[in-house]
Amino acid sequence: MRKRLFLVLGMLCFLISQSIAQNIEVTGKVLDDKGTPISGASVNESGSRRGTSTDANGVFKLSVKPGAKLIITSVGYDRREVVATSPQLGDIGLTLGNQALNEVVVTALGVKREKKALGYAVSTVDKKDLELRPDGDVGHLLQGKAPGVNISQSSGISGAQTNIVVRAVSTITGSSTPLFIVDGMVFDGGANNPNGNSGFDYGNQTSSRFLDLDPNNIESISVLKGLSASVLYGENARNGVILVTTKTGSNRRPNKKMEVTVSQSLFVNKVAGLPDYTDKYGGGFDLAPSLAFSNWGAAFKATPDSFNHPYSRAALNAVLPEYVGKKYAYKPYNSVENFFRTGLVKTTNVGMSASGNNTTFNMSYTYMDDKGFLPNNYLRKNNFSMGGTAKLTNKLTMSGTFNYAATDFKTPQIGTSSGSSSGTGSVYGDLMYTPRSIDLMGWPYKNPVTQGSIYYRADNGMQNPRWTAENAINEQASHRFFGNINATYEIMKGLSIAYKFGLDTYDETQALKINKGGTSGGATYINGFYRTIAGTSRILTHNLFATYETSLSSSFNLRTTVGAMSIDNYYSQAGTRSSNQLVFGLFDHSNFVTHDIVSENGSDLDYKRAVKSFGLFGEASLEYKNSLYLNLGARQSWFSTLEKDNRKLFYPSVSVSFLPTSAIEALKNSDVINMLKIRAGYATSANFPSPYQTRPYLQSKTNAFVDASGNVINTGGIPNFSPNPNIRPELLSELEVGIEGSFINRRLTLDLTLFNRSTKDQILNKSLDPSTGYDQTVVNAGTVTNKGIELGLGYTVVRNRNWNWQLQGNFNTYRSRVKDLTEDYIIYAGYSNLGNAAINGKPLGVIMGSAITRDDKSGKRVVDGNGYWLTDPDIKVIGDPNPDYKLTGISTLSYKQFSFRMQWDFTKGGDLYSGTASALLARGVTKDTEFDRAVPTYWKDAVKQDGTPNDIMQSANNLYFSSLGFYVNEMNIFDATLLRLREASLSYALPAQMLDKTPFGAVSITFSGQNLWYNAPNFPKHIHLDPETSSLLGNGRGFEFITGPSSRRYGASIRVSF
Amino acid sequence: MKYFIIGALIAITASSCVKEYDGLLENPNYPSLSSADPDLYLNDVQLGFKDFYSDASDQGALLTRQETLFGITYYNAFTPSSFDNEWSKAYTAVFKSTDAMIGPATEAGLTTHLGITKTLKAYTMITLVDYFGNIPYSEALKGAENTTPALDDAATVYATAIALLDEAITDFATAPKKAPANDLFYAGNRTKWTTAAKTIKLKALMSTRLVDATAKDKIAALITENDLIDTEAEDFTFKFGTRAVSPDSRHPKFASDYTGAGAGNTMGTYLMWSLYAEKSMIDPRIRFYLYRQSLDIVAALPNVVDRQFTVPCLFRNSPYAAGVPHCMVGKAYLGRDHGNGEGSPPDGLLRTVFGVYPAAGAFDADQGKNRADATVANGRGAGIFPIWMSSFTEFLKAEAALTLGTTGNVNTLVESGIRKSFAKVFGFATAVGVPVPEAFAPSQDTQDDYVDIVTNSLTAATTADAKLNIVMKEYYLAAFGNGIETFNNYRRTGKPSNMQPMLDASNAGSFIRSFFYPAAVANLNPNVSQKTTTTVKVFWDNNPDNFIN
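Protein chains in written order, with this note's numbering: chain A, 1 to 1058; chain B, 1 to 549.
Derived by calculation from the structure, the hints in this document are not laboratory data.
Ideal Cβ placement from N, Cα and C applies to all residues, glycine included.
Any given hint could be a false lead.
Facing chain B, a subset of chain A residues (Cβ under 10 Å, in silico) [as the list claims (entries may be wrong)]: (1) P289; (2) L642; (3) Q693; (4) T772; (5) Y774; (6) N866.
Produce the entire structure from the sequences given, and follow the hints as far as they go.
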């Protein structure tokens, strides 16, 4: 504490150094063109440091030299100069400035700045694009709305994990999650995988903590994409910053003394797309009907054959006597279609804002109940927020926010599956390829005596998906508090000092509950399983900074900020895993026989971590005649995860913004070029590693083995991870240039950004040949470069009294390259033999996996003696998940009180490894494999091992099953080009005159839908896979291991304010 | 001046703020390395060795038809990544913890700790060479100092391993200042460990007999010294427990066959045929080795469509020459043919599974029931890894007598080997608490009959090669549960000579003479280039190409 006191004193010394001379006092009132007072307008005496701002009534008082020139500015208005001829200056009108020119955006540290002054790209998303939507995850809602923000989700279930990447992934193994700043304070938006299974196998089943934000309480979101924008936040901002201003934290003043808004939404939540299943063939193999996993059986007949019922078997005869000797009809049952339900999303929001002379107060409460289309899946949220400001004295303003979020998420297990069941449990694992002749929904799914799973396989080896949905459940509940306290003291006109304290803390419990009686997952799961984990996270942010604004002369204005920020981040968790359930149905650790403190995969459930960082920063912005801006910034950071010599780093930034339309007289009042801005910036940043990678420890393991006599064996050894005390931060540098403009009477708007980012000294979890004694270490090696283009184009097609039609197009494309790696390749996400790789000269993240052997001479693919693909012993590059480009088109059409909005997203290219397509094709269950199956076939354009053309015939089912689906990874790669109607909405607002005599201020109703249609044209026609759902989160991309369908939502909202 | 003061204040603040960062560098989740203790290292070596053996034995068992090799070609039968785990266990657990322990254990006079870890390390080195040929050794285990260790000559590694066994023998000769807290093999008995170390030496020397002219004298010396594993008490086995979870301490074959709805392993048709049909009598060990879930598969599947799907091979013609087993053995010994690449049929409740020896499953007393049936008693997984059994020594001596002319009567040695195998196997059911009904306990007459059949055929065999074939067949049968010895024996002697060929023999390619290097090695270490074929022979194998199938 003492050291922070020092800092405060230091700042004060620096800042209190002004003297005030004998002068006259002038007063005036600043009004807009409608005569409404403008509060907070700056009034400065030109050539001196004297200045003030207007109060709530637009009135100011200032001591100036007689005859001084006063410069009056207010964000959004044109600047005006007035000469202080007399003490009473009367009303001073300001005219509304050029909108595009004077757009105000929230930048680092929550500072509002005019967009024209910025030398970097900022995307903003307004509340109207976020509220009253059928989705409670702000991440999902941001998709496509800000150029350069790329969002993927793990599945279509309610509460699924979201992955947000700003621009492109530029680190191989570091985090790519952007920094979330809510009301100026650091907010943890990541997802916890406390069972130690980050990402791949179990990762689909946890939610992102970003979910704790309430979309209905968001005033605006600014996305700071480049490093220039975020240097003040230091290394945490290297992946971009998502600056969220909540309504309750925005200190917004309502139009009247008090305003209450109530909204209610109701949306239907359905499966967006399922495969077109065949109605021609049924379960079996080799055209013979049977109870196979696959659908390569006999063709259905008009009068169905009947076969012995699968439940007429010895093991079930006693408990299901009604099935003894029974037959079932061999015909198509719509098992998968009927498995899903129609979910419902209900959202209720109440907002209130009020203000007094020196105070504002805002509050919001939202309850959301999102019932998924998957049985037993739901997300429930309670969000309560409050915020207010009080001007305690003329100099001192205090403000604060208080947010409480209780989030409750539940889903059946949806771990990864490679096409047949799932080692980690998945309701989808055996569902999606259900043979057509299996009546999943019509036959019992649990043993009436034991409650265990029963299904059609004679050995009962497949767990019934209905049983899974009911008995293998993941739960996650969190209680979160985040809020801040701010104090701003205006030492003198133009100079203020602010202190902010932010706290973001939550406790989260996760549980996996599996009743006994299942059949998948081996001994770990089938006798009943219960794993609970309780984690606590705390982020404390202290931020002290001073801002000084002054006019150096009539042409130059200077704005500087200096400050210090410290972030302390703690996380700890404890957990228990129990197996062998005693009584079916009860989940309490005492109802289980065996208890353990490690996860299924052996990782510790008990874990703690502390990371701290500290930074000193400064920024100066010099303005010349409203047309040229120079911004200089620098930060010195210290980070606790590295050894002393490597833990501190200095990084500078510089950016320039130039407005020809303000500088060149001829352009000033042009109707063709209304505004033009050219900007350029260069900045650097760093990426520090996660903790505990520099020092050795003893890899101890208790209870590693229990011998026949019951002796417990504990082990200890040198960890297989080799620590590296010399590890340094990754260094990022980025050059960014851009043009912004509005043309032709502001009908056409343009925002173009080009950037080139280089990240060198990548911190790599380098895999080692185990012959070294270690299988992994951490090193600095390799460089990733990213180049990109982000373009936003807007055009107003029609603009008149009743009609308004605007089109907006957002385009982005990125190209990455890896270089300077010392090894042939590094697989950094996925499995060791199937994952995303970094390879010199290739884009980051190419997919490597097993490949078909190529003939040396012809380069053609080689088949083995059976006509199946011959697999190369080495894994190869088999795909590139990076899309060629992404395009979003938004159309907003309004007529009087009606408004119709549509958003289309298009992704060109990018490969996806699809487990779903693979399983469906291999098992012959969709219309894609409806061809005449009696005709043998062979792989065309292939050669035999001796190099001669392939002519080895095989039955279609052998070829699909043994050589396409589960055989070689290369065959499961598909081009993920995708067109989607992401959103459409129609809203109607009651005209104000209709409401005049009612207590209501505004009433509106909106009908809207999300994910209404999509098509991935390069997938087999009948798979209908949504390539946007993928298994791998984090830095992994381009993998889908049967993650299930995505969600389509539509419904209506009504909002009333009074 | 004021700027200077401010600067100084900021510097002081910053430095005091970040001073506490030093305390955040130590991982709070683990003890520090200085708290390591030799007992913990020893346990790490023992369990790492168990895991190494498990993978290696499985691979050998699949190739020598104890279990079924899935896959159509030898080339694609094992992907390089399937060796990652065993390689990692060898180097990062067995080798690394052995080396880490040597200093502190030597200082503390823990000779038994030293001897055990050296013995296990030597066995692991020998097996790695047997499987892969040249391996990194002299440049290995150096961590960041050398991330690309070069390969050492396989023969040199073998010699180093043998020298390490000698070191271990010397260590065992000195009484330790403190016995190990846990010895999962011999409960700290140094005499037995000495015998084991010498026997592993014998095994290694026998492997090299084809290429090393000096091996014969060394083998003869060991036989003469006669301190070899030749009693049941000396058997070198890893002993499993019965704990199913937290942690799963059961025999892995039990764990995969006896949990879940269906059996996890598939037995080799050839092995079952060898036990059931090859001789004029059924091998008395068959009910101990194998458990049938049904006594009559055809009767259990009266519906032809069901049968066709569950046991498709019943409807296919044998691609093999007459006399080679195909599909099913007898009415109920259901496994799979060597190299069958079809998808798994739903036969998990019908196929034959591991019995009471060595996995501690069920004894086959004609129950004809699902092995998980509550009325079928099993040994709860407290099985053993038969790493070296007293019977093996006898067969090896017989091979030495036949091929090298060392002392000993082949007939007597083989008889002794069979009887030792019988004793171990028959006694094992009781040892793990599985009752053997009187009617099914092999009588002395049965055992004698079996011995007579083998010794008679030995006597009848006219050539040393024919005799060796009989020796190696009996060795093969006694070695059930150990795929390492059968794989080595097959490559060294080409026996047993009647192994069932690959199902699609014409396209299967040649038998694997050494494995691909693990993916983790070949991909990450530029000094190890991947083999282009799996027909590369290891240094002690000078047999002709294609001499085995």
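Consistency of the hints with the structure:
With a cut of 10 Å, the hint placing A/P289 at the interface with chain B holds, because the nearest CB-to-CB distance is about 7 Å. Taking 10 Å as the C-beta cut-off, the interface hint given for A/L642 holds, the closest approach to chain B being about 8 Å. For A/Q693, the shortest C-beta to C-beta distance to chain B is roughly 9 Å, which falls under 10 Å, so the interface hint holds. The beta carbon of A/T772 is positioned within 10 Å of a beta carbon in chain B (closest approach about 6 Å), and the interface hint is therefore held.
Because the smallest distance between the Cβ of A/Y774 and any Cβ of chain B comes to about 5 Å, under 10 Å, the interface hint for this residue holds. Interface restraint check: A/N866 against chain B, minimum CB-CB distance 6 Å, threshold 10 Å, status holds.
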